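**Q** The lines below spell out each chain.
Number of protein chains: 2
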Amino acid sequence: MTRKIRLGAFLPGGGQHIASWRHPDQPADGATNFEFHVKLAQEAERGLFDAYFLADNLSVGFGGGVEGGNARIAGLEPVTLFSALAPLTKNLGFIATASSTYEEPYNLARKFASLDVISGGRAGWNVVTTATETAAQNFNLDQQHPHAFRYRRAQEHVQVVKKLWDSFEDDAFTRDKKSGVFFDKDKVHYTDHSGEHFKVRGPLNVARSPQGHPVIVQAGQSEDGRGLAAATAEVIFTAHQKLDTAQEFYRDIKARARGLGRDPSHILVMPGVAPFVGRTEAEAREKYDRLTSLILEKDGIALVEGLTGGELDLTGVDLDGPLPPLAPTEGMKSRQALIRQIATENNFTIRQLYQWIATARGHFTVVGTPVQIVDILEEWFTNEAADGFNILPPWLPTGLTDFVDLVIPELQRRGLFRTEYEGRTLRDNLGLPFPQTRWALARGATLAAE
Amino acid sequence: MTRKIRLGAFLPGGGQHIASWRHPDQPADGATNFEFHVKLAQEAERGLFDAYFLADNLSVGFGGGVEGGNARIAGLEPVTLFSALAPLTKNLGFIATASSTYEEPYNLARKFASLDVISGGRAGWNVVTTATETAAQNFNLDQQHPHAFRYRRAQEHVQVVKKLWDSFEDDAFTRDKKSGVFFDKDKVHYTDHSGEHFKVRGPLNVARSPQGHPVIVQAGQSEDGRGLAAATAEVIFTAHQKLDTAQEFYRDIKARARGLGRDPSHILVMPGVAPFVGRTEAEAREKYDRLTSLILEKDGIALVEGLTGGELDLTGVDLDGPLPPLAPTEGMKSRQALIRQIATENNFTIRQLYQWIATARGHFTVVGTPVQIVDILEEWFTNEAADGFNILPPWLPTGLTDFVDLVIPELQRRGLFRTEYEGRTLRDNLGLPFPQTRWALARGATLAAE
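One line per chain: the protein sequences are A and B, in this order. For the first sequence, the UniProt record's numbering gives the first residue as 1, with consecutive numbering after it. For the second sequence, the UniProt record's numbering gives the first residue as 1, with consecutive numbering after it.
With the rest of the complex left out, here is chain A:
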């Protein structure tokens, strides 16, 4: 089978670009409008996307730092939202973000396993450690745990959740009405985890789903983040501006995975791409300029301040001058470095910086025709920079519709993308193996299902 590009769609109902809610096409209440999310999901499925992807925050990010800016201060919890979208779609996967720092493994394992059962095997968990002081303050803390602590906890958290998902073997339930034997007690297992951060006896009270368990997704870029991703992730969401840094990341992750005894083809690297698509270059540029013109200066400032971990105060600083130096914080280390890199390499003023990152906060922004955009995607895909992409339409629904109507056909024409879904589960579509339980593996089962 030829290797195909995998596509996720990042579709926050409130829009991606910080001014998107002001665009005439975008419902201003999109973040909390359920019917609008239904429309987005069905549109992504029409485009044969692998998955609908949602970020998540555990606090209100006033002003900047989150997609959609102020339009996103109130939204919906991703698993609850995706569960409602599941019966209204057939093949689309749902990758929801949830925090290893502020959710208990038992609760998290349950809700994702439930979504996976309800959707017939279309769930994914994007593991984040949640890096903001404001989130910590919603969970009995005055300030967040140190970066290294959060990543150690994350590593153990994922381990516990995966153990919980192995509570019932795939053939544990006999359900024999005649004898009254409901389950095979040799195929139901206690978790019996006891570690630095968690003590969990199990079993989980949700059964395994058609895809075994949800796909594990991560986005860590720092040294700790890469280590966690290489050890546990099946899909990695990443942010790069250029082919060479994307390649460095791709090769590093694959090498780390190989070093840990994993098959590198079972860990898909998917950089984010925010496309402005036009039938002509001028039309694409016009779409970009239109959104840029809608940015309020104060929202742009808040965005830069927010993305740099809240340590930067731009009050009184000349917006048409360079960015002041940044101190590293316990927050989003890799994102700070990326923002700094974008400013330096492009020699951006603060204003130019916020106009550029307003679309996708550091993700690769491409402005062009379908052919130009697919040229870039193909180059990355065939040169060890990407196994697929997370598409971040700058505003909705038009940014998504443009991609489905203009870019997808060009990808298909070149044989780079599917023309129909391969299967019913997210794993089937991503080409990821079915995860046998550790109990079946101990008995000699092979990793991929027969």
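DMTMM-like mimics (lysine to aspartate or glutamate), calculated; alpha carbons at most 20 Å apart, straight line: (1) K177(B) - D299(A); (2) K199(B) - D142(A); (3) K242(B) - E378(B); (4) K178(B) - D29(A); (5) K298(B) - D313(B); (6) K187(A) - D170(A); (7) K4(B) - E420(B); (8) K177(B) - D25(A); (9) K90(B) - E35(A); (10) K178(A) - D25(B).
To be clear, the hints were calculated from the coordinates, so they are not data collected in a lab. Given the structure is predicted, the values throughout are model-derived calculations rather than measurements.
Fit chain B to the known structure of chain A by using the hints.
**A** Same frame as chain A, but now just chain B:
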């Protein structure tokens, strides 16, 4: 407006009676079968029920103590399930159980607020403190917190969640595309809670829904439980075998609510009723006997052991003799007392006891014709014992279909039950007031919406 009976439907997909999964009508995989839950929800809506109600556990209850017995060892997390059912129904409410002991207020407030937004105002939260050692062991504990501690925490937990639900006033979002002003900052509020158990800054990152916030439901029977319910609940689920104890409870709750300055008509008392309905008495009895004949002796024993807090070991005890004495535990105090009361008052052997509680674990079981059943419901409703009932069909879907086809028309004939839904939200249908935010109340808003 004449006072009407309110009806909840307790519909665990795996069935209520511990042997229900062995009944030919009941899908043996009902607990994890999403399509079956869709069918149940749509059937409950056909019967004009106020709400679909689900209990919840945070551990696997092997053998007994939970509805459906072993058929329930794996199920679905209620909020995730209800969210998927919401778009497939129009008027039915969804009351999900969630734990104040093992969920963080911020996470819990988010998922219920999200369900409330997605369903257009049809969510309810059944607050439980989760009384099992097995649950504690899934959350880093060796044994559960003492009963009184759990209730103190619950009181504060509900308070924090309600404060979080007040983060945005109903008119907080201006969303003015022209000026770029998305919200009115005077109508977005920090929570700033700091108490014995929780420190939560807020605001919540989910907006208020059409019903203000989810309906608060509780089921506490103990002194602590009644205190919590009278202070915070809008619906109380309760278990009684006889009119007089139901009346004592009803009057006590209403008096406590009045004592706390609440309008007693804004706290609905709904005892559980498990009906075996037949066109004739003989047909109803036959349905009861049929299910009873499907109980395995070992499952009956596990049920009695489970419901008495796991402190009782019936190994080697004569099942045709009386129940040995029970010591009070830190678990479900009121349920133990009820089981003991049923055994004593009926002079039951252990076998007779498990056969009786196999249906609904202490809830009122009625076996009869529609007229006989409605006679009882009407007596309780008109004599200060109930504002409505939670119906626990012993097996599914037939136990529910019987109720919808036979009992509902008799209730309607007597003018005791609606013939169409009054409104779109759960509050509208239950006749409960719209909760103004505390900010609006401070400015002099009245409790009920104009």
